[in-house]
Amino acid sequence: MAEKNNFVMICIAILGLVTVSFGLADILVSAGGDVTGLSILEIPGDMFRGGWGGLIVLFAGLFYLSGCKNVAEVHNASKVAIGSVLIWIMAGTDIFAMITESIPGGEDGPWFNSLSGFLGTYAPPYAPAIFLLPFSLVVVYYILKQERAR
Amino acid sequence: MKLNPDERWDLIDSIASHVVTYGEYRHTLKDAIGELTVKPMTGIPIAIAVMYCFWSVFGSFAGTLCTDGFFVKLFDGYWLPWLQEVFPGKGGWLYSILIDAGGMTNGEFILSDNCFEAFGVLTSGLFVAIGVVLPAIVIFYLMLTLLEDIGYMPRLAVLIDTVLHKIGLHGYAIVPTILSLGCNVPAVTATRILETRKQRFIMMTLLAIFIPCGAQLGIMEEVIPGLVGYVLLYLVIGYFIFGFVLNKIVPGKSPEILIDVPQYQKPMMANVRRKLWMRVSSFFKVAVPFVLLGCVVVNVLYLVGFIQWLGDLLAPVFVGWFGVPKETAGPLVAAFLRKDLAVAQLSVIEMTQYQMLSAVVLVSIYFPCVATFAMMLKEGWKELIGSVAVLAVVVFLYGGIIHLIGKLLGVA
Numbered sequence: 001m002a003e004k005n006n007f008v009m010i011c012i013a014i015l016g017l018v019t020v021s022f023g024l025a026d027i028l029v030s031a032g033g034d035v036t037g038l039s040i041l042e043i044p045g046d047m048f049r050g051g052w053g054g055l056i057v058l059f060a061g062l063f064y065l066s067g068c069k070n071v072a073e074v075h076n077a078s079k080v081a082i083g084s085v086l087i088w089i090m091a092g093t094d095i096f097a098m099i100t101e102s103i104p105g106g107e108d109g110p111w112f113n114s115l116s117g118f119l120g121t122y123a124p125p126y127a128p129a130i131f132l133l134p135f136s137l138v139v140v141y142y143i144l145k146q147e148r149a150r
Numbered sequence: 001m002k003l004n005p006d007e008r009w010d011l012i013d014s015i016a017s018h019v020v021t022y023g024e025y026r027h028t029l030k031d032a033i034g035e036l037t038v039k040p041m042t043g044i045p046i047a048i049a050v051m052y053c054f055w056s057v058f059g060s061f062a063g064t065l066c067t068d069g070f071f072v073k074l075f076d077g078y079w080l081p082w083l084q085e086v087f088p089g090k091g092g093w094l095y096s097i098l099i100d101a102g103g104m105t106n107g108e109f110i111l112s113d114n115c116f117e118a119f120g121v122l123t124s125g126l127f128v129a130i131g132v133v134l135p136a137i138v139i140f141y142l143m144l145t146l147l148e149d150i151g152y153m154p155r156l157a158v159l160i161d162t163v164l165h166k167i168g169l170h171g172y173a174i175v176p177t178i179l180s181l182g183c184n185v186p187a188v189t190a191t192r193i194l195e196t197r198k199q200r201f202i203m204m205t206l207l208a209i210f211i212p213c214g215a216q217l218g219i220m221e222e223v224i225p226g227l228v229g230y231v232l233l234y235l236v237i238g239y240f241i242f243g244f245v246l247n248k249i250v251p252g253k254s255p256e257i258l259i260d261v262p263q264y265q266k267p268m269m270a271n272v273r274r275k276l277w278m279r280v281s282s283f284f285k286v287a288v289p290f291v292l293l294g295c296v297v298v299n300v301l302y303l304v305g306f307i308q309w310l311g312d313l314l315a316p317v318f319v320g321w322f323g324v325p326k327e328t329a330g331p332l333v334a335a336f337l338r339k340d341l342a343v344a345q346l347s348v349i350e351m352t353q354y355q356m357l358s359a360v361v362l363v364s365i366y367f368p369c370v371a372t373f374a375m376m377l378k379e380g381w382k383e384l385i386g387s388v389a390v391l392a393v394v395v396f397l398y399g400g401i402i403h404l405i406g407k408l409l410g411v412a
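Sequence order for the protein chains is S and C.
Heads up: the first sequence runs through residues 1 to 150, numbered per full-length UniProt numbering.
Heads up: the second sequence runs through residues 1 to 412, numbered per full-length UniProt numbering.
The hints are simulated quantities; they were obtained by calculation from the structure and are not laboratory data.
If a hint is listed, it holds; no wrong ones were tucked in.
Here's a subset of chain C near chain S, in silico, CB distances under 10 Å, partners left out:
id	residue
1	H27
2	T28
3	D31
4	L36
5	T37
6	V50
7	M51
8	T64
9	L65
10	G69
11	F70
Ideal Cβ positions, reconstructed from N, Cα and C, are used throughout, including at glycine.
Next comes chain C alone, as it looks inside the complex (with noise of 0.2 Å):
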């Protein structure tokens, strides 16, 4: 059938008199809640109050009542005992791999007395995977998903588009920089909600080396709790600076973007539920083998004395330049399998506290690890060498920067 013009509109009247509704408008509570949030000067304290809920839960939930409430007591006080105990070898290289790699002192093997000490796929693979890992993923999953559902994240990304669009992003580019905090697997993935190349690449760039994942920042909950909120202030700072820099240098465009932003909303628990699940589950996918293979990898490292080797050769890059004990060689081939695993090496190497900070720094800054590098080589190998070629300038020269300042402020 073929309608001319004019019964197309009267076609159009017809439709419209049966599905709209006409009468006043009138401003709600909501919507003027909901403008507030959007609105610079009233939009960024309301978004600084919600990151402060997000970290506080995530300490209080994950830290407090999960790690140190029951998993430290499980893990140290009976589980690696218990295998310390019944696994044959003591001292054998297979039980420095399995279970403890101990120390050695009078050439008296000396048991690790915590998991973090143990580096045993068994003992430290697993207490990082469950202990650690599992209650700040399901938190940080829980908490982002409530965001998304409740309708904040849309309003986030207006609030944030402005300062986003100085790096060459816009105010979507929140949405795989919070995920990143997550896990980095899935933020690459979720990159691909930006237009452009340029912008894509700059995305994949940044949160491969600032954005840390949900295991390490448990990780750093957990044995640097104190120096967590400087290793965040450095990470945001040199977001900002190099994605500045790659938006200058990096070539293609930057378009705007047009977002609908919907009404706030009580979330479905169901979808809660299925999102929550579907996150955490695919995080273990990916995690839990890495978790379990870094260690082993690791432990196989130290054992032929390659990681020995290795910070003799980079010591003077690590002591001159970064400022770091040359011990922290070892952590950082470990950051390329695990970056929370290399958090909790750095953990028992004697250094001091600005030591410590710089090191931390320089795990999450250094390479992505590997579960991530697959995942931007399926992006693309042009990117991914991009990507690898910019990490590789990021980490000298910022790692000497925070020795620098360091130096300056007579802490270093």
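If we strip away everything but chain S, and leave its shape as in the complex, we get (with noise of 0.2 Å):
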């Protein structure tokens, strides 16, 4: 049981910090007012998304950071399924806002997109919080089972 518990402490921290690391690259980036991709991760420069997204998404991690310690106990756990949510926040705004591109045809096309253009626009690259989102559902998921047998 230990050992197990240890193993979900490790992962959450690991977790933790992949998403603060995130959220200052984020906040970083968009200081400098440039879109920096790397592959299929786009950090944006705006201040909205980069700027405050960025800070939710420290935020996010600080949260995951502080409970990952003894995440059993059900003080440790809110904290930790808040991160997640915060982390959902992000995810679900920018899938959102790619669903919102996604329909019209644009200026001077027709009224509706193609459906290679509407494909076109869940192409990556994506946000940080993107790749963050599985990893916050199974945490979540783990919490979750935590508290049914409590």
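Got two chains here, each in a separate frame; can you build the complex from them with the hints?
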């Protein structure tokens, strides 16, 4: 049991560190004002998505780190859950923005986007929060399982 | 039947034994998450994230999808050219008021090529009301209703209580403040949630001056997307500075509050639908007639030369003190009827980015729109006169300060 807890703690701590790094990268890049792309990863350079969004990703990482020790305890579990909720907010708003961009056909185009244009909107690169989304879901699944077992 | 004290206690015990369940209390994950959202250290980051989500969804839905995606194309590409074509009397006064005020170049009447510039009742008026304001208001009230029904709003009230006490209000003032971001009219009514006259006066004054309505936000998002953040920053700073000053000079009490914070819960879709419909429909009953009437009045004022005269009269104040072009006098007059319309008018005046920022902030803090004005009058004429007096001072002082900041930064 103790070994399992240690493993979970290490996983959440790593996720926390990665999330903090992404948050800091978002803030620093947006301070520079340029969009930075690394293959399938894109860090937005605007003040809203990069600056405020980066701050939220940073907070999410700090929540993970502050709750990773003994995640079986309800108060720590709640901090980790909130960290995940912040990631969902960021990733959810990014995905929603993609959806709203993908539907209309553009200023001079037809009313609705073509199929290739529609699918093309969902192609990479993605913002950091989208990469963190699957991990945050796994973390919350684990926490909810713990809560049911309690 | 009269009971003695012992019999009363027996009755209480009997009722309690039927309705109260005893057991060991277990702190659940839901409870712990609820606590985190009201503690400042953890609650503030969560509040920032919630507000981010609010504005991101607002911008994506209202701006990207509805207005830019479909309504601009519909109104600029089809509706405006069709009306310009079929409506008789091009260049005449009725044509200018209803369809397109246009412009004169070398004695020739030039038609506008988009609804922001046409200023006709059936073109700009309908575009603003349906193409810009409708999606903005629908998504704004949907998000607000969801936050209320999930149970986040009382937590936000607890979280912000300490800060709002510094300006003589308490946590529940967040309700009229956020409602006001949709429309100032229901927000003025919502100030009744505050206990004392002092609190109601401060709240009414601050929301009339410093809180832009959803319609105005929708237009700002459309015509000056890069400046919206800065405009809001200036307004938030002004909200707290002048709130602090009002708290010091307005006599009266600012009592504490006791809030019952409910558990987080899943919103019931039927309730969300009902609330959304109620809010959007009542907004439209108030807003649409004023948008259309605003177009008529402003066009008439332009046609009779009143705006030109006023611009010339106020030029020293506008150019010298506020640092904006004298042409902004027109939108400021229009702002009394509809602030959203005024921002749209500002967008076609040539000026620097900082001048645009100053002008939009001025339009926001300038006189409340006539619908809000009528609502404030209903709450009491003394309060209205007081608010207008404060407003005049604030516009003059804050407008000058913004100009000064621009000068110091070398951008004005």
